[in-house]
Every structure is written in structure tokens, then in C-alpha cells.
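Line by line, the protein sequences give chains A and B.
Using our numbering, the first residue of the first sequence is number 1, and each one after it goes up by one.
Using our numbering, the first residue of the second sequence is number 316, and each one after it goes up by one.
Only true hints are included.
A few chain B residues facing chain A, derived, Cβ under 10 Å:
#	residue
1	Y349
2	S357
3	G472
4	G557
5	N597
6	V600
Calculated from the structure, these hints are not laboratory results.
Since this is a predicted model, take the numbers as computed values, not measurements.
Ideal placement from N, C-alpha and C gives every residue a C-beta, glycine not left out.
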Amino acid sequence: MKKLAILLACATALALPVTASAQDAQGTIKKDAYRFVVVPKVVHPWFDKVNEGAQAAAAAIKAQTGSSVEVIYSAPQSADVVQQNQIIDSALATQPDGLALDLLDPSGNRASLEEAQNQNIPLVIFDSIPPEGMAIPYIGSDFCEQAKIAARRLVEVLGGEGEVAIMQGVPTAPNHSIRAECHRQIFAEHPGIKVVAEGIDNDSIETAQQQAAAIMQSNPNLKGWVASDAAGPIGIGQAIVEAGKQGKVTLVGLDNLPEMLDMIRDGVADSSSASQPELQGYWSVMLLWAQATGAKVPGYLDTGNAFLTKENVGK
Amino acid sequence: MQTNSLSLLTRSPLAGVFVALAVIFTLSALISPYFLTPYNLSVIARGLAFVGLITIAQSMLMVLGELDLSLGVIGGLCGVISGILMVRLGLEPYSAMFLAILLGAFLGLLNGLLVTVLRLHSLVLTIGTAGIFGGANLVLTRGVAITGIPKNLHYLGRGDFLGMPVPFVIMLVALAVATFVMLKTPFGRYMYAIGNNQAGARMLGIKVDKVRLLVFGVAGAIAALAGVLMVARLGTAQPSIGETWVLAPIAASVIGGVATTGGIGSPIGAIFGAGIIAIIENIIVLFGVSPYWQGIVSGAIVVLAISFDAISRRYLRRDA
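Bound-form chain A, shown alone (with noise of 0.2 Å):
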């Protein structure tokens, strides 16, 4: 009996490290079943391809681990931050094995966010970056520089000179009002280039065709667009079609849903500069499923940005 008892000591003695270090190991912690929920701004065709991205990730995790992941996908209705914060907390409520987030308004999100880790549930933002001082892992293109390679575009086409407008998106979104300043520091660096108009869209391909109709028509010399999301170009190219503008007036749009590959492929825009809702959608899941193995991952991850003319968006 009493050499059973050393035995079992001598096991356990040896057994603790290993265990110890088991749980200290990252990405070590494995669940048979995981369940992720994706907010994103607004129901929109550009946060399908985020969806569809997301779901590719769900299907790989389990074709690797043998775990089923599921992914609900819950929009808003409309772009407005009480209706997505309704959303968040409801979604908390089924205490999901993590968060995935496209911010409408950062100060506005912060109060579900707070409460999100509070609850210590992973979250990833996309497409968006976090509010200030929370440590919130995010995942999107630099937002800046695919505006300024829009811009930069347009410039080049008009030789550097002319009345050019600027569509922003939703202004208190972070990823809509970031283009949109950088589109305006680059035309401030070309003294020929004019922007005489500003409309808002707030992420509606409709409030787009209005609101570049109306610019078009009390801004008769109007010569080239820009858009600081991706329902604005759609809406800006119905424009100017219907306006009978086609060739008169450059449109660079932005991002690569349908409307705009057939807007470059039928010469009603110009070219466009795209991000990577797919790949937003896949990294979103992984590294939520990497926090929820117990693993780190890194702040930012970059999925880049696309240039898309009538040469490479193919048929």
C-alpha cells in the first residue's frame, strides 16, 4: 500500500509539469463545437462576400479539426448604430465562442464592446479599426491608400486638372471618413485639380444616384468621382448614365461587388480600387477560433487592396 502511495506521488510529480504546461500552451484549448457571430454595418451585397469569406473559414476549421463551427450572420437593417448595438447585446446573450464586428461608429459601439469583454468573449473588428484604447484585434485593408490609389487614378486620367466630387459613405464610419479625407489630401497636392462637391450615401446605392444627381446637375463641369464605400460608386455610375455623362465624366470607383465589375467591363467607370471582403470574412473566423483555442493573434492583420481596370477584371 504504502509503495502504491510513493508510485502514485512519483506520477502525479511527474504528471503536474506536463499538465501545467499543457494549459499554458497556446492554442492548446479544444472544443468539439464553435459558434461565431458576424455583425456587420448594414444587410449589403459587400458584407455577403464578408459572409460567404466567413462561412469558407467555418468549413476549413472543421475540415482540419474535426470540430463544427458555425457562423451566424446578423445585419442591421439599416446603417444606424442603436439598431447594431441592439444586435451586439442580443447576440451576447447566446454567449458565442466569439464576435466578429464591422463598427458603424467606434464611440457609439463602445458601450457593447465593453460589455462584450467584460463577458470575455473574443472579438475581432473588420473592415474598421477599434475605438481608442481598447485592445481589440482588427482586420482590413489600409483604408488610406486604397483611396489614395483611387484618387491618385482620377488625377491621372483628368491630366491633373478639373471640378472633381467626393462621395462619402457613412461619415461616422472610421473605414468611410478615413477614404474620404485621404481622397481630399491628394487632390490638395494638385493645385489644378477642384473639388467643388461632397455628397453623403450613408452605404445606400439609392441615396448615391441621388445625391451624384443632384451634384451633377448644379455642377455642370463636373469631371471625375471618386467614393469613399462601395454602395457610392454604383449609385454615382446609375448617375451618370442616366445624365448621358458616360465618357464625359471619370468615375474610380471603389471595391469589387458585381455592379462595379460590370460598370469598369461596360466603360461607365473608369477602374476601381478594391479591398477583400472574402478574405476580411475568412481571417475574421480563424482568428476568432485562434483566440478561442487560447492562442495570441496579431493586432492587425492587412488583406490589401485590389486594382481592377478593364485589362485584368476579366469577362
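We have chain A already, so just place chain B on it with the hints.
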């Protein structure tokens, strides 16, 4: 005694909507394990508080036979004004809130004045004034939120009192006051009399326009209260506050038995209706309903709730 209680319940105009609310609540609790958690109930209560305040205001006007489509926009504009007063002008936060609520009362009175003096239809008039107030909001903010709301105000939007979210407690107080005034005071009886038959109320000597004016003013003040509480909740004055507070309060009031033609219903029924809508919005997320199906699902539940209300009322009355 038991028969009397049952008879009282079945005769109550609130019976149908209460049963509909209870059925939806019970089904949600049975289907989702997360529904009855204290956190989730506080999420529902907090969400209900803001729409609930507008619903109380709208139901008071509907009892009069009026509709104010600018209430949500008044809430948004007054929220933004409170933010400007606090952040840009450095006014003490509670004084700023008070002034914003006064402004709400003034804007409500303005609507009431135009309706009573010019004999305009409130529905049509307030479509116009909603445009003006919403436009003023955009002019003041240029679509950008006002940040830096003092942190001592956050308690009003984010804090708890007696285990309940503070905005929900404020909404309950507003509901109690509105219900008392409407059901237990001569002023309340005048409101129902005007809603039932405006010409008849005039003949009885009721100062119809004065009552209507006052209710428009109070409704504006309640809407402004919802707006400033939302500013306290978000910690920023968002120009989009109130955009979704237009149709839901009217739908909630109708679900809760308030007639759009006036004279019938009460704020309590309207809040039951708002409760149904708040639960639907919550369970849609709990159940992970696709955003493309949400409109169909929530619309179908509302139709079912109204139908259930109508059928159960008829059935219960026949039984009684």
C-alpha cells in the same frame, strides 16, 4: 371571487394583447435557452425603454385621434442639441438635458399649434415637420456624431437601478404617470372624449384645442427624453438617433389596441405591443435568422399577434 377576477380579465381590452405577449414570451423561453437569462432580459428591457417612451407619446396622441410622425426625429434632434450644449458650449450635462427636453416640448407644441390653429391634418403636417427637424439635425451635425459626452451622464443610459436598466425604469415611471393621467383624471377623460367625437366634446364645453396642444407638447417632451437618454446610452450624440422610431411605435400602439381613429386604447396596451416587437427583434438574433428573412419573420409574427389578439378578444368576450 375567482369568477369575478376572470370576468375582469376577459372584459379588459388588454386581455388579447397580454395573452399574445405571454404566448410569444413563453414560446421564446421554451425554444431558446438564452432567452430567460438575466442579461438577455436586461437587453430586451433596455431596447424596449427607448421605443417604449416614443410609444407612450404616440399612443397618447392616437387616443386623441392624432398622429405625430416627427416624434422620432424630435428625439434625434434634441439628443444632438443636448450633445452640442454639453460638448461644444460646455453646459452642465443635466442642464443641457433639461433644455433639450424643453426644446422637445416646444417642437411638439409647434406641431400642435399648426394642427389646431390652421386645422391641418396631423399626419400630413408632421411628415413635413419631420423633414424640417431631420434637416436641422443634419445641418447642425453634418452627419457626424458629437463625441465627448460627459461620463457622469452615462449612468442614465447604461446603468442599472434595482436590477433594471435605468432607461427602462424611467420608461415605467413615464408609463405610470401617463396611465394615471389618462385613466384617473378629468384631463384624461377629456382626451378620450375628444378622440371619440371632437365636435361633441366641444359642445360639452371641453377646451378641445387646449387639450390637443398640451398633449402634442408632452409627446414632444417625452420624445426628447428618449433622445437624450439614447445619447447617454451611446456616449455620443448620433445624428441617426430616432430614425427607427417612426413606424414601430405606431405598430406597437395598434397591436396594443389603440385605435388610429381615436378614443380607444391606453399607453399600457401600447407598451404590451412594444414588448411584443422588442421580443421579436431579440429572438431573431437569438435564433440566428438570416438578415434577408428577418422582415418576413418579424412581419409574420406581428400579423399572428394581431390576429391572435382579435380572435382571443372575441372568444373571451363570448365566454364572459
